[in-house]
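Protein chains: 2
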Amino acid sequence: MNPGDFQSWAAARQSRIELFLEKVLPPPRIAPESLHAGMRYAVLGGGKRVRPLLAYGAGELSGADIERVTVAGAAVELIHAYSLVHDDLPCMDDDVLRRGKPACHVEYGEATALLVGDALQSLAFQLLGEYRLAEDPNDQLEMVKLLGAASGSRGMAGGQAIDLACVGTRISLPELELMHIHKTGALIRASTLLGAGCGGGISSAERAQLDTFAKLIGLAFQVVDDVLDAAAPTATLGKTAGKDADRDKPTYVTVLGLAESRRFAEQLRQDALAALSSFGERAIRLRQLADFIVVREF
Amino acid sequence: MNPGDFQSWAAARQSRIELFLEKVLPPPRIAPESLHAGMRYAVLGGGKRVRPLLAYGAGELSGADIERVTVAGAAVELIHAYSLVHDDLPCMDDDVLRRGKPACHVEYGEATALLVGDALQSLAFQLLGEYRLAEDPNDQLEMVKLLGAASGSRGMAGGQAIDLACVGTRISLPELELMHIHKTGALIRASTLLGAGCGGGISSAERAQLDTFAKLIGLAFQVVDDVLDAAAPTATLGKTAGKDADRDKPTYVTVLGLAESRRFAEQLRQDALAALSSFGERAIRLRQLADFIVVREF
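Chains X and V, in that order, are what the protein sequence lines are.
Take 15 as the starting number for the first sequence in the working numbering and just add one per residue.
Take 15 as the starting number for the second sequence in the working numbering and just add one per residue.
Misleading hints may appear alongside valid ones.
One copy or two, it doesn't matter: identical chains are merged, so the pair holds either way.
Derived lysine to any residue pairs resembling SDA-like cross-links, with alpha carbons at most 20 Å apart [stated by the list, open to error]: (1) LYS115 <-> LEU242; (2) LYS37 <-> ALA163; (3) LYS159 <-> TYR145; (4) LYS159 <-> ALA148; (5) LYS159 <-> GLU149; (6) LYS263 <-> ILE195; (7) LYS37 <-> LYS159; (8) LYS263 <-> ALA45; (9) LYS159 <-> GLU144.
Derived by calculation from the structure, the hints in this document are not laboratory data.
Only a predicted model underlies this, so the values are computations on that prediction, with no experimental measurement involved.
Construct all of the structure, not just a fragment, from the sequences and the given hints.
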């Protein structure tokens with residue numbers, strides 16, 4: 015694998031997703047102006063677009079049309095962006111910095127930030143109804159169901175609720191894992207499966223392998239996030255560093271320690287790669303993404 | 015029209031929607047418990063279910079299967095319920111009373127209430143992907159798009175943003191109308207069109223007539239709400255009365271006065287009925303619903 019090649023592959027797709035998001039987010043000159051400005055502020059010009067990249071990687075594996083994967087990736091990214099806006103609100107994590115900029119509620123006020131999140135979620139589903147994503151419209155309805163479940167009370171929102179309930183408590187490794195499978199894992203999994211679903215070329219056994227990959231890499235992603243939160247300076251992170259410890263939140267670092275968390279992330283990456291073994295060259299981008307996710311600013 | 019007949023028609027459908035919502039909302043014994051308890055608290059055992067009733071009325075007109083309309087009506091009701099939870103939050107309308115009970119955030123805390131709203135929205139779309147609603151799955155994808163647009167920044171959430179921006183300002187009648195076409199009208203319209211879409215028996219001209227009906231009755235609904243807010247006691251209303259005036263919000267009553275607002279609501283009702291004229295007996299339930307919506311506790 016040539017890392018330079020991966021970087022240009024990723025950069026081309028990051029530009030593509032940015033252009034599409036730019037197109038589907040209403041312009042701020044259309045009323046209600048501040049809501050539309052806030053939506054664009056929360057989504058555009060920031061973020062590594064890890065979820066869309068996973069959708070593209072899985073889409074290449076299944077022979078999907080890149081335009082279709084772009085819609086799927088954008089829908090997942092809108093859900094992710096809305097969750098960040100709501101998570102940063104004073105009644106949640108109360109954070110003022112996001113992607114190196116003031117958080118949405120700092121810039122636009124709490125009420126508008128609440129509506130920005132709400133409207134971004136609506137837009138994500140609107141896109142899944144509006145654009146053609148799969149050859150068979152029934153498969154596309156499955157995608158709507160999958161993204162709804164991944165975002166809801168048994169997915170991302172549920173993980174956030176478990177997270178809230180854990181502040182100030184001591185939890186076990188399985189409990190921590192359960193929280194992250196919901197909080198981060200569900201949407202990572204949705205990205206991968208939606209991307210793959212845009213193509214027609216995978217069997218149900220292959221889909222199960224992709225699902226395993228996505229679950230492992232989703233967990234790895236969170237372990238790495240916890241390590242970075244504990245170890246990286248705020249400037250590198252683009253969000254407030256050390257805030258988990260400050261808020262007395264259980265993380266992999268508090269439960270396992272820093273060195274063991276790093277080993278665990280590496281183990282998850284290897285297990286994730288093993289789940290892709292039968293795909294051969296078709297999974298090259300997913301393998302590179304696994305490296306990209308785990309080998310961030312360690 | 016026999017009003018007793020309407021009451022039993024409506025009661026049977028209110029029970030049906032309640033049972034379905036009860037079934038699709040996760041039980042509170044499943045983790046995260048407080049989130050699931052909050053979701054059920056916000057949705058079950060309250061509300062007139064006006065939006066599902068409109069879906070049923072439109073569904074009968076188009077020859078729709080009642081099970082399918084129940085799913086459509088439930089999806090719209092979940093969106094409506096989420097909007098009430100978020101609207102009542104301290105950073106929005108800051109109201110403590112809803113449907114005669116403490117508001118969701120008073121009962122479960124602000125952070126959980128925020129997640130309750132988020133997860134209810136996800137569940138609404140999950141249902142539209144999970145259940146069969148239309149013969150042609152492409153028509154069902156159109157429903158996903160319609161509900162997404164009706165909920166988002168150019169629909170309900172947008173109306174709420176316009177509402178926020180109007181607090182303490184003097185606005186004209188057209189501006190007030192624009193706000194309500196978004197805030198209440200978009201979802202009333204979605205209810206009617208989704209219900210009709212569950213059947214196959216209407217032409218595009220008839221769909222346009224239904225759309226006109228829904229827009230007029232949606233506006234009438236809001237005018238009546240403003241009249242009730244100004245004129246009815248809190249106990250009757252089940253939410254804090256007079257709060258619009260307290261918050262210096264423009265309403266039909268502040269712009270037109272009480273008597274003129276009542277006349278306007280009645281005019282809208284007559285125009286809405288006129289839009290149904292070509293349907294004959296097929297629109298009997300929608301006509302009764304128009305009366306039900308406008309001739310509330312005046």
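Status of each hint after checking the structure:
Proximity of LYS115 to LEU242 under the C-alpha cut-off of 20 Å is restricted to the intra-copy arrangement: shortest distance 18 Å within a copy versus 44 Å between copies. Only between protomers do LYS37 and ALA163 lie at most 20 Å apart by alpha-carbon distance; the minimum there is 16 Å, versus 26 Å within a single protomer. Taking the shortest Cα distances, LYS159 and TYR145 sit within 20 Å of each other both inside one copy (16 Å) and across copies (9 Å). In the homo-oligomer, the alpha carbons of LYS159 and ALA148 lie at most 20 Å apart both inside one protomer (14 Å) and across protomers (15 Å), since each shortest distance falls under that limit.
In this assembly of identical chains, LYS159 and GLU149 lie within 20 Å of each other by CA distance both inside one copy and across copies; the values are 17 Å within and 18 Å between. For a Cα distance limit of 20 Å, the shortest separation of LYS263 from ILE195 inside one copy, 16 Å, qualifies, whereas the shortest one across copies, 43 Å, does not. Taking identical chains as interchangeable, the C-alpha atoms of LYS37 and LYS159 lie at most 20 Å apart only when they sit on different chains, with a minimum of 17 Å there against 25 Å within one chain. Taking the shortest alpha-carbon separations for LYS263 and ALA45, only the inter-copy value of 19 Å comes in at or below 20 Å, while the best intra-copy value is 40 Å.
Taking the closest pair of Cα atoms, LYS159 and GLU144 come within 20 Å of each other both inside a single copy (15 Å) and across two copies (5 Å).
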